[in-house]
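Number of protein chains: 2
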Amino acid sequence: MEVTKSNFYQLIPEIKEAIEKCDFISIDCELTGLNTVNDINAFDTQKQYYEKVRKSSKNFLIIQYGLCMFRYDHDTKTYKQASYNFYIFPKSGNKYVPDHRFLCQSSCIDFLMSCGFDFNKLFKEGIPYLNSNEEDKYREILSDVQKIRANQIQNNFSPDTKNSVISMTVEEKTFVDSVFKEIEDFIASDSEEHALPKCNAYLRRLIYQEARKTLKNKACLETRVLDNKDRVLVVTRLKSKAAQEEEHNKMIEQEEDEFEKCVGFSTIIKAIVESEKLIVGHNMCLDLLHTIDQFLTPLPCNYDEFKELANFSFPKVLDTKYMSSVTQFKNLIDSNVLANLLATLQKDPFRMPDIEIEENRRGYTLNSNKAHEAGYDAYITGVCFSTMWNYLHDGEKLSNPDVSLLKPYINRLFLMRLQDSPFIHLGGRDPVPPRDHVVYLSFPKNWKLNDIIQLFSPFGNIYVSWIDDHSAFISLQKKDQVSIALSTLSQSDTYSIMTYAQHHSKLTGENNVSASSSNSSSHKKRSADNSHAAPKKRKTNIGESVLKQKLNNESDMGEVCKSTGKVSTPQKTLNKKQLQPTFSELTWD
Amino acid sequence: MEVTKSNFYQLIPEIKEAIEKCDFISIDCELTGLNTVNDINAFDTQKQYYEKVRKSSKNFLIIQYGLCMFRYDHDTKTYKQASYNFYIFPKSGNKYVPDHRFLCQSSCIDFLMSCGFDFNKLFKEGIPYLNSNEEDKYREILSDVQKIRANQIQNNFSPDTKNSVISMTVEEKTFVDSVFKEIEDFIASDSEEHALPKCNAYLRRLIYQEARKTLKNKACLETRVLDNKDRVLVVTRLKSKAAQEEEHNKMIEQEEDEFEKCVGFSTIIKAIVESEKLIVGHNMCLDLLHTIDQFLTPLPCNYDEFKELANFSFPKVLDTKYMSSVTQFKNLIDSNVLANLLATLQKDPFRMPDIEIEENRRGYTLNSNKAHEAGYDAYITGVCFSTMWNYLHDGEKLSNPDVSLLKPYINRLFLMRLQDSPFIHLGGRDPVPPRDHVVYLSFPKNWKLNDIIQLFSPFGNIYVSWIDDHSAFISLQKKDQVSIALSTLSQSDTYSIMTYAQHHSKLTGENNVSASSSNSSSHKKRSADNSHAAPKKRKTNIGESVLKQKLNNESDMGEVCKSTGKVSTPQKTLNKKQLQPTFSELTWD
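Chains as they are written, first to last, in UniProt numbering: chain L, 1 to 589; chain H, 1 to 589.
A couple of the hints might just be wrong.
It does not matter which identical chain is used: a pair holds within one copy or between any two.
Unchecked claim - Simulated crosslink set (DSS-like; lysine-lysine; CA at most 27 Å straight-line):
hint: 1; residue 1: K445; residue 2: K147
hint: 2; residue 1: K347; residue 2: K370
hint: 3; residue 1: K95; residue 2: K445
hint: 4; residue 1: K5; residue 2: K121
hint: 5; residue 1: K173; residue 2: K478
hint: 6; residue 1: K121; residue 2: K370
hint: 7; residue 1: K370; residue 2: K124
hint: 8; residue 1: K213; residue 2: K448
hint: 9; residue 1: K95; residue 2: K5
hint: 10; residue 1: K52; residue 2: K95
hint: 11; residue 1: K124; residue 2: K5
Rather than coming from a laboratory, the hints here were simulated on the basis of the structure.
Produce the complete structure using the sequences and hints provided.
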C-alpha cells in the first residue's frame with residue numbers, strides 16, 4: 001500500500017497492529033545516494049568498514065521505506081502479509097524543526113527515475129520524521145513556549161520582569177505616547193481590536209515595556225505576523241481568564257498535533273524497536289545504518305557503540321544476502337542479487353510457502369512487477385527469507401516455523417566488497433578472517449599494476465587491492481609462498497613489505513594483532529545466544545532511553561569524529577589507474 | 001520557451017544567434033539550496049562575505065536557468081525579446097563524467113514545489129553540463145582512448161609491448177590452450193564471430209597476452225560487455241585495415257557527439273562569455289557565483305582572484321537590486337523585492353518601454369503568471385531594468401538607449417543582509433563604508449541581548465549584530481557617543497571593547513585598517529570605466545583561457561581552502577538567543 005502524508009496518520013493504528021501481530025518484518029530502503037567516496041578496501045576490518053560507510057553515506061536520505069509484515073497463520077498454514085511503501089521527506093517551514101540539508105548522487109537519482117520513482121510525489125507528499133535529538137529539542141522549546149503563555153495568562157502580560165527598563169529618547173517617547181493615545185481611543189471605542197502603526201522590533205519592545213506598566217487589566221497586546229511577513233502589534237479587548245485558558249488549551253492541542261505530525265515516520269520505527277520483532281533485509285547493513293541515523297539517533301563514531309546501539313534497537317535482524325551465501329545455501333544459490341535469488345528459490349530444491357495478502361489489507365504479489373520500489377523489494381525479501389527458512393525444515397511442508405533453525409544467520413550483516421566475506425556480528429564477537437596470505441606493500445607513486453605483478457611473479461598468482469596510489473594489499477594464491485616472498489622482498493629501498501598483521505598493528509598502534517576489535521562490553525552483557533530474550537526496558541519512550549545519546553553536537557554536514565586512537569587509514573581518492581575495471585575484477589573465482 | 005535535453009541541442013544555433021544579436025541578457029537561476037550555515041554578519045567586509053557565501057553555497061546546484069535576450073529594434077523603437085527556461089541536471093552513466101553529488105535544502109525544495117516546479121521533468125530531461133576542469137579531463141581521456149584504438153588498428157593488437165610477460169601456472173596454461181583450440185576451430189569455420197568461455201579479468205589478460213604472440217593477422221579479439229555487465233572475449237574475422245579505420249572514424253564521430261552532449265548547457269554560458277554582452281540580474285551575486293562555479297571553473301578561494309575571474313568572464317553586469325536602491329531610484333522605490341519593484345515601475349513616474357516577443361520566437365508577457373520560474377523571473381528582471389534605464393533618459397520616449405547612463409550601476413553586486421549596504425565592485429575598488437560608529441564587544445557566553453543593552457544604555461540606541469555567543473558588533477546610533485563609550489567601558493575584566501577598525505586589523509594581522517582589500521592587479525589592468533571595451537582574447541575556447549585554473553584539486557565535497565593569512569573569523573553556529581526574531585529586526589529604519 002502506498003503511504004504518503006495524506007493517509008499516513010490515519011494508517012498508524014493499522015500499521016502498529018500489523019507490527020504487533022506479525023512474526024517477522026521485512027524491510028527495504030531507497031536512498032538519494034550511496035557514498036561520497038568509494039574507498040572500501042577488500043581487506044578492511046569490520047570496524048574500518050563501519051567507519052568508512054558511516055562517514056561516506058551520512059548525508060544521504062532514505063526517501064522511500066518498504067515494510068512488509070509477515071504473520072504465520074497456524075489455521076491455514078499460510079503466511080499472511082501486508083505491505084506498506086512509505087514516501088519519506090523532511091519537513092520544513094516549522095520553526096522548531098531544522099531545515100534539513102541532504103546529499104543526492106546523480107546516478108542514484110537517475111536509477112530511481114528509470115524505475116519510475118515519482119519525485120514530485122515525494123517532495124509534495126513525503127512523510128516527515130525527526131530523530132530523537134530533534135524530537136527532544138522540539139519538545140523542550142514547545143514546553144517553554146507553552147509555559148510562557150500559561151504564565152502570561154496568569155499575569156496578563158509577559159513575565160519579563162527580569163528585563164531591565166530601557167530609557168527612551170525624546171523621539172521614542174513621542175512615538176510611544178502617540179501609540180498609547182491610540183490604545184486609549186480603542187478602549188473607549190466599540191471595536192474588538194485595533195492594529196497599531198507598523199514599527200520596528202526595538203520600538204515594539206518599548207511599547208511592550210510601557211504596556212506592562214500602564215495597560216494591565218485594560219487591554220491585551222499581541223504581535224501578529226502578516227501575510228507579507230511584517231510584524232504588527234494589535235491591541236484587543238481584555239479577555240476573561242477562562243476565555244484565555246480555553247484558547248491556550250486549544251493552542252496546546254494544535255501544537256501537540258503538529259508535534260506528532262513532525263515526529264511522523266519515526267513513530268513507526270519506534271514501534272518496530274519496541275516490538276522486538278525479527279527484522280529481515282537483503283544486504284541490509286546500509287539500510288540499518290540509515291534507519292538508525294535518520295529516525296532514531298545519529299550514528300556514533302565509535303564502532304563498538306554502534307554495535308551496542310544497533311543490537312539494542314533491533315535485537316533480531318537477519319540479512320538474506322548473508323543467509324543465502326553460507327551453509328547449505330552457498331552451493332545451491334549461484335547469485336544472490338535479489339532478483340536472481342528469487343528466481344533460484346522458485347525452483348527445485350526449494351519450495352515457497354503459501355503466502356497470501358492479509359484480509360482487508362494491501363500487499364504485493366510476485367507478479368507486481370515493481371522492482372526497486374521499497375515496498376516491493378521488502379516483500380520479495382520476505383518471500384526469499386520464508387522460502388529459505390522453509391528449506392531448513394528438512395524440505396517438509398511448513399507447519400510451524402522453527403525459530404531455532406535461524407540461529408546461524410541471526411544478527412550477521414553481510415558486508416559488500418570485502419574479499420574474504422567477514423560479517424558484522426551484532427550482539428556477538430565479529431569473525432576475524434585469516435589474512436596470513438595477505439601482505440602490505442608500499443611503493444613509488446608511479447608504479448602500475450604491472451610493476452606489482454612483476455615483483456610477485458616468482459610467488460604465483462596474486463590479487464591486488466589498492467589502498468592508494470602508493471600502497472596496496474597483495475593476497476597470494478599460494479599461501480606457502482608468503483614467507484618466501486617476505487624474506488626475498490625485504491631488502492629494497494624502492495618499496496617495503498610487511499604482513500597484514502604487522503601493518504594492522506602499526507595502524508592501530510597496538511601489539512595485539514587481532515584484525516577486529518569488536519570486544520565491547522555489550523557482548524559480555526548479551527551474546528547472540530540470548531539476544532532473543534532482550535531486556536524489557538526497551539519498552540520505554542525511545543527518546544528517553546539509551547538511544548538518547550546527545551553524542552557529539554554534530555553539525556548537519558561534514559562533522560568530524562574525534563579519532564579514538566592512532567588509527568589513520570590512508571583514504572585518498574582513487575586515481576585513474578585504480579579505476580581500470582580489470583583491477584576490481586582481478587580475482588580467481 | 002521551455003528547454004530540456006530533448007530540444008536543447010537543436011536550439012543551440014537559435015540561442016547563440018539571439019545572444020549575438022541582443023543588447024542585453026537578463027538571467028535568473030533556481031537553486032537546490034541557498035546556504036548550509038547562515039553566518040553572514042551585518043558588518044562583514046566584501047571579502048568576508050564572498051568567502052562565507054562561497055563556502056556555504058558551494059554544493060548546491062542550479063537546476064533551472066532563465067535567459068532572456070533583449071534586442072532594441074531601432075525601426076519600431078521597441079524591445080524584442082526571446083526567453084528560454086532551461087532545466088539543468090548533471091549527467092551520470094558516462095564513465096568520463098564524474099557522478100555528481102549535490103546538496104539540497106528542504107525548504108528550497110518545498111518552495112520550488114509550491115511554485116509548481118516539476119522535479120520529475122528535471123531529473124529525466126535536465127540538460128547536462130561540465131565545468132572546464134571536467135571538460136578538460138574528459139577530452140584528455142577521450143584522446144587517449146582514440147589514440148590507443150588508432151594504434152591497435154595499425155598493429156592489429158594492443159600496443160601493450162611495454163607490459164611484462166606474465167608466466168602461467170599449469171592450470172592457466174591448460175585453460176588458455178583450450179581457448180586457443182576454440183579460436184583455431186573458429187578460424188577454420190564459416191562463422192563471423194565466436195564468444196569465448198566466460199573467465200575473469202586475469203585470465204582474459206593472459207589470453208590477450210597469448211593472442212599478441214600467436215593470433216596476429218589471423219583473427220581479432222575484443223572484450224564485450226553483456227547486458228548483465230559480464231565481460232566476455234569475442235573472436236571475430238580479421239577485418240581489413242580500411243574497414244577497421246571506417247569503424248574507428250564512426251566511433252570517433254559518436255564519441256565527439258557524446259562529448260558535445262555532455263558539455264551541454266556550458267556551451268551557452270561560454271557563448272555568453274564570448275559575446276561580452278551586458279548581463280542583467282536581480283540580486284545576482286549568488287547566481288553569478290553559481291554560474292561561474294557550475295559551468296565555467298570552480299570558484300577560487302581567494303576573493304581577489306574571484307573578482308578578476310568574474311570580471312574577465314562577464315565584463316559588464318548590472319544588478320537591478322543595486323540599481324533600484326541608489327541614486328534617484330532610492331527615493332522612488334519602496335521595496336525592491338522583484339514583484340514589488342515591477343509593480344512600482346508600472347506606475348508613474350516610470351514608463352515601461354514597448355517590449356514585444358521576437359518574431360518566430362517564444363517569450364513571456366507580464367500576464368504569464370509564472371513567478372519563480374527562472375525564465376519568467378529573468379524576463380521580469382529585464383523589464384524592470386529597461387524601465388529604469390528608460391527613466392534615466394529624462395523620462396522621454398526611448399529612441400536610442402544610451403549605455404553611458406548606466407555607468408553608475410555597472411559591475412556593482414548588491415550584497416544581502418549587510419547593514420550599511422556596501423557592494424562588490426567587479427573590475428573596480430570595493431567601497432569601504434564608514435564604520436566608525438561600530439565597536440566590537442566580547443563578553444561572557446551567558447550574556448543576553450539585555451545585558452548588552454544595559455551596558456550601552458548611557459550612550460543611546462544601539463544595533464547589535466551577533467558574531468557568536470560571546471562577541472558582537474555594536475553599532476551606536478549617536479556617533480558622537482563612540483569615543484565616550486570606548487573610554488568608559490575600557491576597564492572591565494568581564495568584557496572587552498575595541499573599535500571596528502582595531503578588531504579588523506587584529507583579525508587580518510594587518511596595520512592597514514581598510515575594511516576592504518580588493519586592490520588586486522585586475523583593477524589596475526581594467527577599471528570599471530574601460531570595462532566596456534574588454535580585450536578580444538576572451539574570444540578563445542574558454543577551456544584554454546585564463547579560466548582554465550586547475551586551482552586546487554578540490555574534492556567534490558567539503559574542500560578546505562588554505563588560509564591566506566591569519567584571518568580566522570569566528571563562525572560558530574547561531575545559538576538559540578541569536579535566533580530570536582527580534583534580534584535580526586533590531587534596527588532603526
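Hint numbers contradicted by this structure: Hint check: nothing fails, all pass.
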